[in-house]
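Visitor: Dock chain B against the given chain A, drawing on the hints supplied.
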Amino acid sequence: MLQCIFLLSDSGEVMLEKQLTGHRVDRSICDWFWDHAISQGDAFKSQPVIASPTHYLFQVVREGITFLACTQVEMPPLMGIEFLCRVADVLSDYLGGLNEDVIKDNFVIVYELLDEMIDNGFPLTTEPNILREMIAPPNIVSKVLSVVTGNSSNVSDTLPGATGSCVPWRAADPKYANNEVYVDLVEEMDAVINRDGVLVKCEIYGEVQVNSHLSGLPDLTLSFANPSILDDVRFHPCVRFRPWESHQILSFVPPDGEFKLMSYRVKKLKSTPIYVKPQLTSDAGKCRVNVLVGIRNDPGKTVDSITVQFQLPPCILSADLTSNHGTVNILSNKICSWSINRIPKDKAPSLSGTLVLESELDRLHVFPTFRVGFRIMGVALSGLQIDKLDLRTVPNRLYKGFRALTRAGEFEVRS
Amino acid sequence: MFPQFGATAETLSKASTMVFRIGTDAHLYDDPDDVSIAPLLDSKFDSEKCEALKRLLAQIAQGFDVSNFFPQVVKNVASQSLEVKKLVYLYLLHYAEKRPNEALLSINCFQKDLGDPNPLVRAWALRTMAGIRLHVIAPLVLVAVGKCARDPSVYVRKCAANALPKLHDLRQEEHTSAVEEIVGILLNDHSPGVVGAAAAAFASVCPYNLSLIGRNYRKLCEILPDVEEWGQIVLIGILLRYVIARHGLVKESIMLSLHCTESSHSEKDGSDVDFRLLKVPIDMSGTCDSEFVNMVSKCYIESPDEYLSRSSYTNRVSFELNGTHFTSKTNDDVKILLYCTSPLLWSNNSAVVLSAAGVHWVMAPKEDIKRIVKPLLFILRSSNASKYVVLCNIQVFAKAMPSLFAPYYEDLFICSSDSYQIKGLKLEILSSIATDSSISSIFKEFQDYIRDPDRRFAADTIAAIGLCAQRLPNMAYSCVDGLLALTKEDFLTKDFGSGDQEAGVLIQAIMSIKSIIKQDPPSHEKVIIQLVSSLDSIKVPAARAMIIWMVGEYSSLGEIIPRMLTTVLKYLAWCFTSEALETKLQILNTASKVLLCATGEDLWTFKKVFSYLVELAECDLNYDVRDRARLLKKLPSCNLGSQGPEEGTNGLNEKNVLHVVAKCIFGRQTREVKAESNNYRFYLPGSLSQIVLHAAPGYEPLPKPCSLPLDDLNVPEGTHAVEKGPDYSGTDDHGTSSGPLDEESASDYDSQHSITGSSGSGRSDDNEFTSEENDNADPLIQISDVGNASENQNGVSQSSPANLGELMSNRALESWLEEQPGSSNPGISEQSQVCKSSARISIRDVGRQVKPKSYSLLDPANGNGLKVDYSFSSEISSISPLLVCIEVFFKNCSSETIMEITLVDEESTRALDSADQAAAVNESSMKSYDNVPTLVPMEEIPSLEPGQTTRRLLQVRFHHHLLPLKLALFCNGKKLPIKLRPDIGYFVKPLPMDVEAFTDEESHLPGMFEYTRSCTFTDHIGELNKESGDGLLIKDKFLAICESLALKMLSNANLCLVSVDMPIAANLDDASGLRLRFSCEILSSLIPCLITITVQGKCCDPLNLFIKVNCEETVFGLNLMNRIVNFLVEPALF
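Top to bottom, those sequences are chains A and B. If you're matching positions, the first sequence starts at 1 in UniProt numbering and goes up one per residue. If you're matching positions, the second sequence starts at 1 in UniProt numbering and goes up one per residue.
Just chain A, same shape as in the assembly:
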């Protein structure tokens, strides 16, 4: 099982260490790690499982913070990785983001959380709802209070009732004057368009996000009008497996607040809502770039937040790019970012310009991949439809809300 967890800042400083078992891990392992990270660069940083001379390391990098866990014995590596991801999720939820300062400022909370989340190297309580009841997240009230009175405790005095119940994800018996439950379909479209302009792969990765504020112990059922389009699904632990197996109905007792009820995948979609057509022609050490963006299949709602990004190949010396709509920026790491936002009615946005190649190169032989971002409110492009949401015992004032949103996931256009 895990022996130690280190949190490293983006400069390699060890911000925190939490020893988990009697087999202590010396900090020097972090030096070893950081030396290798520097000498081997990105390849090392993206390696989730590392065999160091003394320990096996699992690393998860989130917003510059490296979560490093060490073990010396066999254990499921995904367990370590998944746990570190949960720690990162919980911390960023508690601290409202992750960066060096915020972790240092709240190191006590981080310690307390880690202590509740893992015991003797085995995960103990990872359910965010229960953790919130055990250790209060920092908020302005408690901070002001602590300044004024010099005394505050964020450690709960009692054990959250949920730890013992059969629905460990749900806080015990919340009471609400207004009972509300919101269901959001949040979809991401992954698409690959190859050099010939052919749609190689187009699929939707979607999540059903629920925000529930219901009193008591509600038992919900959610059914879809067309569950057959779902290629595969994954569920929050609250979902009962058997009703889904037999009737494709989601039956669950929801956690309180926001949570991801299920994620799903819909494959083999036929078209994308927008098109991006890059053209690169190179000759005599110069390369002409021309990118056209437009609506292909009108989804019925406005497509906004459209962005096109691409990494200039290393052989490009300089670039001069302009667009007839939106703004073009070339970032320090040679990433060119064109933000269009909405497509105007009167013209088709286009980006054009020239790239100057390295002196010995005549023509461009490597081509960048254009990564496209967009967002469409109110539409689930997969076509998944929620049929109905039922409560077994309907409280007197119940409000149900449904929304949908699609945005681009791994949307790539190769040139």
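Careful, some of the hints might be misleading.
Incomplete in silico selection of chain A near chain B, CB under 8 Å [stated by the list, open to error]:
1. Pro76
2. Phe367
3. Arg392
Cross-link-like lysine-lysine pairs, in silico, DSS-like; alpha carbons within 30 Å at most [stated by the list, open to error]:
4. B:Lys374 - A:Lys201
5. A:Lys277 - B:Lys444
6. B:Lys514 - B:Lys526
7. A:Lys270 - B:Lys374
Hints in this document: simulated from the structure, not taken from any laboratory. All values reported here derive from a predicted model rather than from experimental measurement. The C-beta atom is built at its ideal place from N, Cα and C for all residues, glycine as well.
Guide: Frame of chain A; chain B shown alone:
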């Protein structure tokens, strides 16, 4: 920065972010030692202590050693503030091992906290106490864990499970069995949360004790979907190991698909031991790479290191699977495992998905494995880190069974955001699953990848193309064409520096071509020619060297190549001096190869070029080249020398030898390098070892199939029973007589623990399997145990009170502390017996001690010396539910024989005056079924000698709950009127249920169906006094109370003990909160009736009992309650 300020925080300037740091612990982290910490620690204000502790924690976080504050910090462990406690615990755990002596000071506080009413405090105390890891306190921790393992709070029990590995880590041999017992208890817990943690404890404490799993296998399978995700990961692995050890591999699974064909093959050949894997025809429509699968499955079962090291010297004596080593997919245990793990493939936790997939991979029939494919591919959409691990596993699956993933090749297409390792893995998988139908789309993708700015990735893509072409010979031509075209691209023909990545692309392209050509050289003759002709434009030394190697290798291939050799050699000689080292060496090699094979008119030219080259090389700056030249100079002379007849025989021999050597070195018998697959190492799917490709410490391959024989399951228990045997039979005369009753036991625990006599030990083995099957139906074993115990009571009614004392002393703590391995075993098993039902304690032995109260029916004074006693029996009448069973004992106290004793119903005697019409009585009584109290006629006792006692079982239908029944007793021809008093406590029969069912039922019976009364209870006092001399521990006081209370209840009414909830009282002498639940159903109407008894008061004083009865039948319920109150207040008989 903070959620409340999400929008504003970002726009605020840096200066104002300082504002947000106010109130956080920022200053503590930045300057932890800017104030003196020591006085703060001694402060009387919690806030100051907190600050001091936070400062210490900040220093720990930053890697400073602040252990010198240890003594001061330890003092604060007694603080009432939970925050201080938490911080102290954090500090303590960090340094306890360093300062063991000071750490001991905190133990008292932990012990106190363990009795705290707040479960959070108990849990923390246990976690910290176990986490301190000091050998000296291990016995105390063990006791604490044992206690917490039956804590009412799920969370505390979970922490108890987590504490077990900590104890185990201390490697104290004498505690091993005790720890394992507690693991067994917790595995049997009814709360899924506890089971998950217990599974983790099992995996680290006693992974080989699979019999522990065997007992609960089915229950564990069923509870699996509800277990917490982390527990699921571990539990899946354990269940898989158990099934394999117990039943072996599944015949239809991929692991065995090959062994079957193998064994049939070797049977046919008889003497042929070699499997000749490749020649075995495999009728699986070519979906599996048979050799590969074979190796994988062997590696899973024997660790790869073991397997590979052995196979290196002999491949024959491998682990063979004979008919007894596998099972079929119809095996129930296998089926239930697959059934219960398949929904986990939908889990949100990718580790759960992977381990569930691993089970299916190993166990599922081949045709069902495909269900793991989609979930595996779906978890590729989760974090990048887990993507890599999943791909590593998919890689093995895909190689072993390409058909699984072949239809999903699109999912493995590469996006630009993938990391380099992920791209490499995806390419490798793609090349191993490509089929004739999918290859065209895959190649289209590959063509795009070659244009990727990441040139290493482009090179890898080219290597993958080579692999595809080797797998699918149909594609070889188009692959080679594409690759050739690539090598001619102008960007590749520039002169690169050696480190340039473009060079890598080119080298890889040539390498791929080379490997494709090697498959079938004659058909690729033109390719070689084209490559050779492009030598002029290719500048990369490694690429040139490879082309030159091909010239030498295929110099005699086809028609054209031999003809162009002279030109090529001349060209090589011409550019020799300007070549790089590796190219030079390769030119020399090629020249000598050509020379060796050459015949006819070219020979002379070759020889000239060769000697020119050697001369050049001999003057080369590099010594390797010079050495090579000197070596080669000798060799070709043999080819020429054979023409010189003037050579002597000696010289001829020498030349022959040289010739052979030359042939050996340069001859074209390059053997197929096929052994690469031998270097693969496979570890279980989802394991760390599979990712790092060596066996990580603690890696265990799957157990040997069927290594857990049937008998293994109960061996330890059997020995315990035997050991216990003499222990009991010495003190308890009735021990042996209770043996036969075990047949009723429904659970294996019970069968093992209720055995008291030596006769029972053999029986337990017999019972083992029937009971194992049965207990699956009953999810809560500890409850059914008690139910059974009470069922047993009728037979054991005479068990002696000495038994209890025996149990109590054995249970005492001393047996933990003064361990003697030999003698301690019974003690330990005794202990476990007590806390077998972890959360809610159960009192298993009560059943045997139950002694139904005996009433007098006929006094010897009135009955001419005949004494008749009766007691109510818990047996259920088989004739009618309205009948109550009564045991009647007839004793002749006179000095003469008493003849013809029989009991009849008063009313029936009125109608039929004779004594010998038993049959008629029977008939009439059955006719008047409805309203007349009936007595099923008893078998007449022909004669009773003086002093003799005879027992008869009567079945009576009482007219009323409370009014006595008039009967007539005939003896010696005389009629004696007697009255049989009913006991409402026996108008019910036990209704076994678990606590959930109980509380559920209870919630359906509120208000008017619920009646309460209170009374006092004193039985336990005598019990406690009796034991006080033995230095009895506190927890045993509770037990004694529970036991005496339960005993009293069960001795006076036919109930089922559902649960005993133990309070963890702040005051150790306070029994308040102790709660016993009983259930029963009314015999006549089968209406359930629930009884809850809550205790209040000090252990040693008379206790206040609150009795609550929930029953739909109001009158009956009230009467029953009154009856219970009546017998509870009655003083104890012993």
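Visitor: Find the hints from earlier in the document that the structure breaks and name them by number, from lowest to highest.
Guide: Going through the list in order, the structure violates hint 3 alone and respects the others.
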